[in-house]
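Let chain A serve as the given structure and place chain B on it in line with the hints.
Spelled out from the first residue to the last, the chains are:
Number of protein chains: 2
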Amino acid sequence: MASLATAITSLIESKKYGTLRDILVTMNAADIAALFEDLEPEMLPRLFRLLPKELAADTFVEMESDSQELLIKGFSDSELKEVIDELYIDDAVDIVEEMPANVVKRILAQADPDTRKLINELLKYPDDSAGSMMTTEYVELRPNWTVEDAIKTIRRTGIDKETINICYVTRADRTLYGYVTIRRLILSQPDVLIGDLAETTNVISCKTLDDQETVAQMLSKYDLIAMPVVDGENRLVGIVTVDDAIDVLQEEATEDIEKMAAITPSDKPYLKTGVFSLYIHRIPWLCILMVAAIFTELVINHFSNLMSVQFQSFISAMLLACIPMLMDTGGNAGNQASVTIIRGISLGEIEFKDLPRVIFKEWRISLLAGATLAVVNFGKMMLMYAITYHNSFTTPDGVTHFTSYLLIAVTVSIALCCTVFLAKFIGCTLPILAKKIGFDPAVMAGPFITTIVDVTSLLILFGLALMLVPKMM
Amino acid sequence: MASLATAITSLIESKKYGTLRDILVTMNAADIAALFEDLEPEMLPRLFRLLPKELAADTFVEMESDSQELLIKGFSDSELKEVIDELYIDDAVDIVEEMPANVVKRILAQADPDTRKLINELLKYPDDSAGSMMTTEYVELRPNWTVEDAIKTIRRTGIDKETINICYVTRADRTLYGYVTIRRLILSQPDVLIGDLAETTNVISCKTLDDQETVAQMLSKYDLIAMPVVDGENRLVGIVTVDDAIDVLQEEATEDIEKMAAITPSDKPYLKTGVFSLYIHRIPWLCILMVAAIFTELVINHFSNLMSVQFQSFISAMLLACIPMLMDTGGNAGNQASVTIIRGISLGEIEFKDLPRVIFKEWRISLLAGATLAVVNFGKMMLMYAITYHNSFTTPDGVTHFTSYLLIAVTVSIALCCTVFLAKFIGCTLPILAKKIGFDPAVMAGPFITTIVDVTSLLILFGLALMLVPKMM
Chain A
2 MASLATAITS LIESKKYGTL RDILVTMNAA DIAALFEDLE PEMLPRLFRL LPKELAADTF
62 VEMESDSQEL LIKGFSDSEL KEVIDELYID DAVDIVEEMP ANVVKRILAQ ADPDTRKLIN
122 ELLKYPDDSA GSMMTTEYVE LRPNWTVEDA IKTIRRTGID KETINICYVT RADRTLYGYV
182 TIRRLILSQP DVLIGDLAET TNVISCKTLD DQETVAQMLS KYDLIAMPVV DGENRLVGIV
242 TVDDAIDVLQ EEATEDIEKM AAITPSDKPY LKTGVFSLYI HRIPWLCILM VAAIFTELVI
302 NHFSNLMSVQ FQSFISAMLL ACIPMLMDTG GNAGNQASVT IIRGISLGEI EFKDLPRVIF
362 KEWRISLLAG ATLAVVNFGK MMLMYAITYH NSFTTPDGVT HFTSYLLIAV TVSIALCCTV
422 FLAKFIGCTL PILAKKIGFD PAVMAGPFIT TIVDVTSLLI LFGLALMLVP KMM
Chain B
2 MASLATAITS LIESKKYGTL RDILVTMNAA DIAALFEDLE PEMLPRLFRL LPKELAADTF
62 VEMESDSQEL LIKGFSDSEL KEVIDELYID DAVDIVEEMP ANVVKRILAQ ADPDTRKLIN
122 ELLKYPDDSA GSMMTTEYVE LRPNWTVEDA IKTIRRTGID KETINICYVT RADRTLYGYV
182 TIRRLILSQP DVLIGDLAET TNVISCKTLD DQETVAQMLS KYDLIAMPVV DGENRLVGIV
242 TVDDAIDVLQ EEATEDIEKM AAITPSDKPY LKTGVFSLYI HRIPWLCILM VAAIFTELVI
302 NHFSNLMSVQ FQSFISAMLL ACIPMLMDTG GNAGNQASVT IIRGISLGEI EFKDLPRVIF
362 KEWRISLLAG ATLAVVNFGK MMLMYAITYH NSFTTPDGVT HFTSYLLIAV TVSIALCCTV
422 FLAKFIGCTL PILAKKIGFD PAVMAGPFIT TIVDVTSLLI LFGLALMLVP KMM
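Here the protein sequences come in this chain order: A and B.
Counting in the working numbering, the first sequence tops out at residue 474, every number present.
Counting in the working numbering, the second sequence tops out at residue 474, every number present.
Since no wrong hints were added, every one of them can be taken at face value.
One copy or two, it doesn't matter: identical chains are merged, so the pair holds either way.
The calculated lysine-lysine pairs, modelled on DSS-like cross-linking and capped at a C-alpha distance of 30 Å, are:
1. K222 x K208
2. K362 x K273
3. K125 x K222
4. K362 x K269
5. K222 x K269
6. K222 x K82
7. K54 x K269
8. K222 x K273
9. K222 x K54
10. K354 x K273
11. K354 x K269
12. K269 x K74
13. K106 x K54
Calculated from the structure, these hints are not laboratory results.
Bear in mind that the values here come from a model prediction, so they are computed numbers and not experimental data.
Chain A on its own, in the form it takes in the complex:
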């Protein structure tokens, strides 16, 4: 893309507008928008004016909001009107939502009265609701029309409709009756009644205030390309299309990933986000978790004092050196469980009622995993004894305290097993409980699990050591 940007720049500088137009019209809106992002901002207005009307509007929709704002500011009133008239209502609303107040005023002033009214209505729905993501451009048929009537209506009004692949059938009071696919229409005889043709059972619809993620999941689950949106009285007010649903699903996946990595989610692509904004999204959790680590510090302090009374210093040092391994393994084991569960919740596969099944499953996994890790760790520690620690456990007069080392190895291995057990348990229950009490599973469970597992694994290690390892070794 970089080399295309260079070529385009030099064409603009040498004012070869004819050639530029020929290149641009062979491109897709999404690709032109991506190209625009690579160019100097002052070139955009000139290039944009070269685009044919429809392609211009499509490109405009695909652009980042910074560039849109820049273009709008450079538009004459008539240019602005031309672009707005070409936009689908839901795209227009998305753009208006991102613009500063003075630009919004200009946009609304240039939109024709009907469009203005629609935009204002759609702006009232809360962010992240089906209402804010729907479009009001769809084909509406009545049950008492014939297929011929319907096709005539579509011919007359259908050009501007965002999707006419599915037509919605409403009663006289505009309540939803059913739907009929365009394929069904085209395959039917002209005199058949729409009411007889329409699918009226199993009509999947959503409410204006439904959460957009739920709506997107439904489109995906039922393999739909559009879904009707109804108000409180079951009156059809809009449709949600699959292309917007994909965007929502992708955004939600990104948000979950960010939350699990202790980042406050942002809705802009990384390269478009400023350094300070990225910093602001990352620093709170870094600070909170750093300060939370005070608990591990206090635990270590407390027990190293105890151990300095009971153990020789090389024993304390050995136990302390195991801490990172223990904490990391615990963190990894907990994360594996929590991440699996959080994703399962997001995909609608795991619900609160599954909690006992999940706990039982993780319990069995942690038995297997804990045992494996304990055995591997024991083997590793015995190997380390043969190579390194042998001397520490031999007194100057030649007595070898092999049993003591064995007890330490056993202690660490048991602590490891318990830690894995506990980490998996916390990792699988915390997200489900968080969801149940109305918190975000990814936020609650992701960042906190490590801290909780850290502290408990230390308590287990030191507690066991003080119990099992012989005093004054």
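Frame of chain A; chain B shown alone:
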């Protein structure tokens, strides 16, 4: 769902098949399939036989492969043939791919010769390729046909086509010429030529061997509901539809999340996966990372020996108690960067050429974040001094070594700052480099970053302490 399952079970037991059928036909295929998963397996064949032919096939597609296998084994040959005849080819291929060899043989034997040939051809494409995900059922038109011819053809053949919302136009040698939407057809006069109506520039297509994730991203990027798939000679061989693209995108997001959490990805939902299989997907990384922690152990051992010569024991203990905080903060900072970059790569927002920009951005973020964390940590340590450590730094004869404590606090704060700096750098470069040399960014960067950051942060802490803190404190 649980209560519906109970109700259905009791209806089956009391053999109220009429009522059952009445309930089932009001439900969607996806919901029936979900219900089936909650029932006892031996009830499935009886329930399945109650479904009308088309709904039965749709439900069959939505079911888990275990249940599909169970049903197929219970089918008579003619029942099996009926279901297969109703399936779209791409769904049939998906099912065949999951079945054991003897079941595959039965399916192929019951399929009619044309279907069998198609299934066998599609099975040849590699997993995860566009070819394996496409369907061969689409509407194909010729440029020299009129709209009337086209509509007649669609009426004659369109019933079974997976999507007739977009018709593809091919030349006599079946190379792709362009496409025409059904909306365009229906809005046009009957005598217009398809060749004049078809969109022939900007026809987005993919090749049979293209990666399915790339193809799904393209459908999302260009807001398509279907995309043509061509072979090496640009001949149309199939189409990929948006519902399959959504599934691929969701699967890939799940896989990325799993890989970042050190899990080998599996393609089954959590609740459907056996304990042993989950264990096998999780244990390798747990073991590898546990054994890799041997490096942190060696570093701590080495330096605690050095420190026991140079520092009084409570200084060593203080520094050791800081380790979990330092390692966790480093791990969190690195993860924030790596996870953002990995998701950016997956969404196609970040490429290798962006590496310098990414590094520069993370460099500035880490300056801000490192400085903030260092200041907060310094404040926290001074507070701890006032509360707890004051006594340790006062000799029995009353002399207070406040300067020494100050130097330790400075050491830990600088180490923290350096660790964040390094963690962000590794976190942002490792995924991009991994991608460049052909490794999976999520696998390479996710699990390893913690281990790398652990070791380096310890080296920084101990190195600084030995340099800055006065000897024999």
